[in-house]
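Heads up: the sequence lines are chains A and B, in that order. Each residue of the first sequence is one higher than the last, beginning at 458 in the working numbering. Each residue of the second sequence is one higher than the last, beginning at 60 in the working numbering.
These aren't lab readings, by the way, just hints derived from the structure by calculation. Quick caveat: nothing in here was measured; it's all calculated off a predicted structure. Don't take each hint at face value.
[To be verified] To give a feel for the contact side, a few chain B residues facing chain A, derived at Cβ under 8 Å:
{"hint": "1", "residue": "85"}
{"hint": "2", "residue": "307"}
{"hint": "3", "residue": "324"}
{"hint": "4", "residue": "327"}
{"hint": "5", "residue": "328"}
[To be verified] Just the calculated beta-carbon pair ranges, DEER-fashion:
{"hint": "6", "chain 1": "B", "residue 1": "115", "chain 2": "A", "residue 2": "466", "range": "29 to 39 Å"}
{"hint": "7", "chain 1": "B", "residue 1": "291", "chain 2": "A", "residue 2": "497", "range": "53 to 63 Å"}
{"hint": "8", "chain 1": "B", "residue 1": "250", "chain 2": "A", "residue 2": "488", "range": "16 to 26 Å"}
{"hint": "9", "chain 1": "A", "residue 1": "531", "chain 2": "B", "residue 2": "227", "range": "18 to 28 Å"}
{"hint": "10", "chain 1": "B", "residue 1": "95", "chain 2": "A", "residue 2": "466", "range": "42 to 52 Å"}
{"hint": "11", "chain 1": "B", "residue 1": "313", "chain 2": "A", "residue 2": "466", "range": "41 to 51 Å"}
{"hint": "12", "chain 1": "B", "residue 1": "311", "chain 2": "A", "residue 2": "483", "range": "30 to 40 Å"}
{"hint": "13", "chain 1": "B", "residue 1": "313", "chain 2": "A", "residue 2": "531", "range": "19 to 29 Å"}
{"hint": "14", "chain 1": "B", "residue 1": "213", "chain 2": "A", "residue 2": "499", "range": "34 to 44 Å"}
Just so you know, even glycine gets a beta-carbon here, dropped at the ideal spot from N, CA and C.
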Amino acid sequence: MSPFSLAYLAAGIGAGLTIIGAGYGIGRLAASAMEGIARQPNAGGDIRLAMIIAAGLIEGATFFALIVTLLLAIMK
Amino acid sequence: MTGLLLMLAAGAHAAPGSEEKVEQDAAAVVIHHVADQPFLGLIWSRQLVFFLVAAAIVLLLVRLALRGYRNGIPKGLAAIVETLVVFVRDEIAEKSIGHDGRKFTPLLCSFFLFILVAALLGLVPFPIPSHGRWSLVGVTSTANIMVTAALAVVSLLAQQYAGISRNGLWGHIKGLVPPGLPIWLLPLMILIEILGIFTKPFALMVRLFANMIAGHMVITVLLLLIPMLANVSTAMGIGVIPVSLGLGLFIMLLELLVAFIQAYIFTMLSAIFIGMYAHPAH
Chain A
458 MSPFSLAYLA AGIGAGLTII GAGYGIGRLA ASAMEGIARQ PNAGGDIRLA
508 MIIAAGLIEG ATFFALIVTL LLAIMK
Chain B
60 MTGLLLMLAA GAHAAPGSEE KVEQDAAAVV IHHVADQPFL GLIWSRQLVF
110 FLVAAAIVLL LVRLALRGYR NGIPKGLAAI VETLVVFVRD EIAEKSIGHD
160 GRKFTPLLCS FFLFILVAAL LGLVPFPIPS HGRWSLVGVT STANIMVTAA
210 LAVVSLLAQQ YAGISRNGLW GHIKGLVPPG LPIWLLPLMI LIEILGIFTK
260 PFALMVRLFA NMIAGHMVIT VLLLLIPMLA NVSTAMGIGV IPVSLGLGLF
310 IMLLELLVAF IQAYIFTMLS AIFIGMYAHP AH
């Protein structure tokens, strides 16, 4: 076991946890948006716009975590 | 991102070694392909060259588009550019900033067109000599955190300018804190709001950078599967080629979508933050 083994393990688990969180978040967002569009098709454009912005914000937070895991994985 | 040529070359020089050597090489190869490299022995690096190329393309595109008007009717390229500009003006600037959104339309259009062109340029493989051989490489200048940091600083200045020019310096500072707040919360809220001024562009910077670098990293790793599995057995290496290429192509198409979405998100969030400072809650 090299001294970096724990860092690699943490990077792998961290990346997995990040994706679980992001997938759940964006999934909830898309589900609600689709429900909204189904109830009110006229507001589809506005809902889609707000959905993309919110997805972008979630994704930004996800990438913070992913960059931390990436640094763990590639730092020597 | 890299062409298949370079990937295979990387696999070839790793082939005689043990598996461990390939695994150690894998991280290095991925970083090598997304990181900045010297360009043709110039003091300019690859990403700086492609940054300038992207900027030149945007300028040229708009100049050419301006010539495409016949009696006020846009033809060809002008029609395409006009669609994008009108989209930014009506859907992004005026919707999020309000009636004074037109003032910020040129800035937002620059953000939109530059980020879009820089991202699309990264998807086109160019033959570039590196390490004594030619390789097909697409270089995304926005995959350099310094480029996105510069864009974010411009966005930060625009946000503060919008607040100060509209509400005056004192009004801008007062508007940072929501009105009707209990007095004992003020020290905390002032601290949080000052922090918020800087975290907003910081998030813009990291989001764009990570999005631009992520796709290229994934494609490189997918193509790297070929030499890694070929090291185990030749049949596995050949078997994984269609899988790697297919998934790589899929990620490539996804990146095409991401290029448009990220250009839109960066512009949209900049516009929303500008609107937030220009019209604080009262």
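Outcome of the hint check:
1. 85: violated, 10 Å
2. 307: violated, 20 Å
3. 324: holds, 4 Å
4. 327: holds, 6 Å
5. 328: For residue 328 of chain B, the interface hint holds, since the closest Cβ of chain A sits about 7 Å away, which is under 8 Å.
6. B/115 to A/466: 29 to 39 Å: Cβ of residue 115 of chain B to Cβ of residue 466 of chain A: about 46 Å, so the range 29 to 39 Å is violated.
7. B/291 to A/497: 53 to 63 Å: Taking Cβ atoms as reference, residue 291 of chain B and residue 497 of chain A lie about 55 Å apart, which means the hint holds.
8. B/250 to A/488: 16 to 26 Å: violated, 36 Å
9. A/531 to B/227: 18 to 28 Å: Hint violated: Cβ distance 48 Å, outside 18 to 28 Å.
10. B/95 to A/466: 42 to 52 Å: violated, 30 Å
11. B/313 to A/466: 41 to 51 Å: violated, 29 Å
12. B/311 to A/483: 30 to 40 Å: Check failed, 22 Å falls outside 30 to 40 Å.
13. B/313 to A/531: 19 to 29 Å: holds, 23 Å
14. B/213 to A/499: 34 to 44 Å: Since residue 213 of chain B and residue 499 of chain A have Cβ atoms about 37 Å apart, the given range 34 to 44 Å holds.
Hints 1, 2, 6, 8, 9, 10, 11, 12 from the list above are not met by this structure, while the remaining hints are.
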